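Take the sequences, apply the hints, and build the full model.
If you read the sequences in order, they're chains X and V.
Take the first sequence: its position 126, counted from the start at 1, is 1317 in this note's numbering, and no numbers get skipped.
Take the second sequence: its position 142, counted from the start at 1, is 568 in this note's numbering, and no numbers get skipped.
Treat the hints as calculated values from the structure; they're not laboratory data.
Predicted model, so just to flag it, every value in this text is computed and none were measured.
Worth double-checking, as some hints may not be accurate.
Derived list of chain X stretches under chain V, where covered just means 3 residues or more per stretch with a C-beta under 8 Å from a C-beta of chain V [unchecked claim]:
#: 1; segment: 1193 to 1199
#: 2; segment: 1234 to 1243
#: 3; segment: 1246 to 1252
A virtual CB, placed ideally from N, CA and C, is assigned to each residue, including glycine.
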Amino acid sequence: MDVHDLTAAYALDALDPAERGRYEAHVASCDRCREELHGFWQVAGSLARAAGGPAPPASLRGRILEQARDERPNVVPLRRRITFPVVSSAAAVAAVAAIALGLWASSLSSRLGDAEGDLAVLSDPNARTAESKGGEATLVVTPTGEARLVVRKLAPAPEGKDYEIWVVEQGTPRRAGLFEEPGIAVLSRRVEPGQQVLVTLEPDGGVDVPTGAPLITTTST
Amino acid sequence: MRRRDHAHLSDEALVILVARSDETALAELYDRTGGIAYGLAYRILRDESLAEDAVQEAFLGLWRTAASFMPERAKASTWLLTLVHRRAVDLVRREQRRRSDPLEEAPEPATESAEDDAWLRLERERVQGALAQLPDQQREAIELAYYGGFTQSELAERLGQPLGTIKSRMFAGLARLRELLDDEAERPSWTFTT
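Spelled out as structure tokens, the structure:
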């Protein structure tokens, strides 16, 4: 099946979650589909305005504003125009943010080679998230332990160096992947609740035992 | 009378303020689009409390993620309605609250101001006029998908057609609608940051 064909169904929200993820991963790198999607979204917007339906109860406005006030807005700028909405653990947020998160996250992660996997983890409504101590990164862990580290505030690794991710198992840091710059980093090791995930700066290709001080410290919830 | 400090701003400007955690801007956006959003969610969900959930979650999604959108392609209200629609179809699928007849029209909306009312009525007539010009099968596929919340696979089963046929009908129908609506269509001004 040609993924280009899914643009209309995507704009109408007529895809199941797997197809949706596949399309979002595709559209990030397909100019033709993105162009078409923007056009179809406008048509869908017209369909939305024509939906009719009753007026909302007066109490809804106050409830939305009250909840917004109670929440700390958690959007942190990431280099120039790009910004990253931090994933909340609430199922509702994940679902609602899926479009925002999916489309640009997949464009970011396609450079890292696993857009669909990233999307599946980041938009998993049951995923748990944990902020790093300094707010540089967010750890997202699915119920099966699959994890991504969304790194926002960190300089690109200097020449000859990589950032290395560690999962601390019973006091021992275990290698869990490398990355070079802020973005969505894949953890090669499953993460259990309560485990620490650290990032250190290491020589290119990484090492077996961390040599640097942790630059990012998170604890899985 | 509510304070409307931001009444003079465009929707797009309001989203920029929402990205900076301006609650007044969020309130203004709700006043402008909350009614349409709720009407849409209700048409899909046919349940007041679920429709409220869908709208609330979409607006809070906006509150949390507004900074990830760029003013290039889609109108801010279109983006917001996209969030509402996505949330509503996710809920209707989860709740298995499929109405026997999702094509049945919802009651006339009651909006707050006469001005909004007139504009919405015109927009609704325009879109319904365009829908009426589609071949029946294309219109059916689009209405069942968009207002009924059916996936393309469910539609194929329900209508007894191959999946490819359903996809073609949705695609051809949307492309035709785009042409029909294009004359007075909104000028693109916002896009996602991709």
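Structure-based check of all given hints:
no., hint, verdict
1, 1193 to 1199, "holds (count 4)"
2, 1234 to 1243, "holds (count 10)"
3, 1246 to 1252, "holds (count 5)"
When the structure is compared with the earlier hints, no violation turns up for any of them.
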